[in-house]
Amino acid sequence: MSAQTLLDLADDELVLGWRDSEWTGIAPYLEEDVAFSSIAQGEIGHARALYELAARELGTDADALAFDRDPDEYRCHPLVELRLVHDWAATIARHWLYETADALRIARLKAAPDPEVAGLAGRIEREEAYHRMHAQMWADRLRASAERPRFEAAADELWPYALGLLDDELRGPLCEDLGREPVEPVDRGGHTEELQPLWEEMTMVRRSVPGATW
Amino acid sequence: MIFEVFRQERDGQPLQHGGSLEAPNREFAEAYAIEFYGRRNESVALWVVPREAVVEIEDPYVADVFDRDYRRVDGYSLKVKLREARERADAARPGG
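For the record, the sequence lines run as chains A and B. Per the numbering used here, the very first residue in the first sequence carries number 1; after that it's consecutive. Per the numbering used here, the very first residue in the second sequence carries number 1001; after that it's consecutive.
FYI, nobody ran anything at the bench for these hints, they're computed from the structure. A portion of the hints provided could be inaccurate.
Per the computed footprint, the stretches of chain A lying under chain B, defined by three or more beta-carbons under 8 Å from a beta-carbon of chain B, are [as the list claims (entries may be wrong)]:
#1 33-40
#2 134-146
Away from chain A, derived, C-beta distances all over 10 Å, residues of chain B [claimed, not checked]:
#3 R1010
#4 Q1013
#5 L1015
#6 L1021
#7 A1023
#8 E1027
#9 A1031
#10 W1047
#11 P1050
#12 V1080
#13 A1091
#14 G1095
Simulated restraints on C-beta separations [claimed, not checked]:
#15 E1052/B to Q4/A: 52 to 58 Å
#16 G1012/B to P71/A: 38 to 44 Å
#17 Q1016/B to D70/A: 36 to 42 Å
#18 H1017/B to R148/A: 34 to 40 Å
We put the beta carbon where it would ideally sit given N, CA and C, even for glycine.
Make a model of the complete structure from these sequences and hints.
Here it is, written out as structure tokens:
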């Protein structure tokens, strides 16, 4: 397993966790606020574990990978960078698309030859199963509500992003799982304009006193 | 909708009221119950009950207007009887 593959995944999880955490305190109602904040924290926890594995291979540490790189060094996919806060339907659409896609790559990672990677994938999957249940129940709820057009429009708009989250091998299965036609995907590698302000805030404390032990 | 959540901490222990939560339906209530009472491995079983399904007894105290204290176990105090029995036993002992 290359450190690069671990970083793709870790950066996705960190940045999505960060975006989801923007809902803390402003979710549609309190129970959901707690649940969604917890999911955000779960994603950041997965990122931490993945960074630790990658860090060993790269001779650095997890914090340095998470916070000390320049924005253009991050490998996260544009899907997770988009600032969707205040649009709950779009946030759920992304959550649902992401978790469905993520399940496929985590399943593949569980079969990785490196037992540490496979073991970590297994632990991540146990939590992601809950995230998926949460995403699916919300997708079902919005589809059955008056917000259906908002949800469907957001899902259509985000679909090329979700498809590009995965490599070629897993794109076919994702189309099948979601019952969607393949489209021209938004590939990993580029970044949206929204990454820079996110990065500034995310690394602010770390950069305020370089090298400090807090 | 309000749901009441009961949780069992370990096998063999009784389920105890853990708290309540608000959710739009049963499916959401189950997810939130897992989130609030299960994800830290603090429960081995969870019951989620719509509050409206819980029957509350308004006045659980039934006054004992009739003298039926023989039904109460605290009516049988062994303390005095035991003391008397010990005294009799001591008195009956040779040289006592």
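**Item:** Unsatisfied constraints (hint numbers, rising)
**Value:** 6, 7, 8, 9, 16, 17
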